[in-house]
Amino acid sequence: MKNFHQLLSSYGTISEEDALNFYSYFKHKQFKKNTILLEKESVSFEAFFVLKGALRQYFYTEKGTERTCNFSFENEFSTDLESFSKKCKSSTSIICLEETECMVISCDDLMLCLQKFPAIATYFNNLVETITLQNIKKIQSLLSKTPEEQFEEILEKMPKLLQRVPQRYIAQYIGVEPESLSRIRKRSLNTLKS
1 MKNFHQLLSS YGTISEEDAL NFYSYFKHKQ FKKNTILLEK ESVSFEAFFV LKGALRQYFY
61 TEKGTERTCN FSFENEFSTD LESFSKKCKS STSIICLEET ECMVISCDDL MLCLQKFPAI
121 ATYFNNLVET ITLQNIKKIQ SLLSKTPEEQ FEEILEKMPK LLQRVPQRYI AQYIGVEPES
181 LSRIRKRSLN TLKS
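Residue numbers (our numbering): 1 to 194.
A couple of the hints might just be wrong.
Stated by the list, open to error - List time: in silico PhoX-like cross-link candidates among lysine-lysine, alpha-carbon distance up to 20 Å: (1) K52 - K33; (2) K86 - K40; (3) K27 - K116; (4) K52 - K137; (5) K40 - K63; (6) K160 - K138; (7) K52 - K27; (8) K33 - K160; (9) K40 - K89; (10) K145 - K157; (11) K186 - K160; (12) K87 - K40; (13) K157 - K138; (14) K186 - K157; (15) K32 - K52; (16) K137 - K157; (17) K52 - K29; (18) K186 - K145.
If you are wondering where the hints come from, they were derived from the structure by calculation, not from laboratory data.
Turn these sequences into a full structure, and let the hints guide you.
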């Protein structure tokens, strides 16, 4: 509960009472590694707050190539935002990369909380804005940076990816083949040593 309240407070002022009331709408769930939390083409009726573990969100291109678009670790939320908010079919899937513990809230319960608790509504508006800005930065990075520069950015801003995520998913995330990522990683680490 402490981490949950800290996370909520990071996006605005939320009383402990509101945080506790909001928390009561969540269910604690544990998932084994490789459990699929959301399957493409299904509707996302739940959002996941990661207490422990790691999630990967991915999709398939028109050519059938799997692409990773997001990772979620401790104290982060995960869902297919479009599917969750519009109750439409999801274009992505979400899978557990590790044994994962989450607090899970249904779409209906979240909507109820947003109406009941103005501070929670403000928090979620700020959260959605932050996610939108992160997505814009990711798109800009993909369009303007080389894979080497993207890897350097991961080293600098998201080092836990390298420790906890299989290389093939990092390769998908920056849009290269795993073999190319191996070369990029080797060159990058050699540069750091010299």
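Okay, which hints does this one fail, numbers in order? 4
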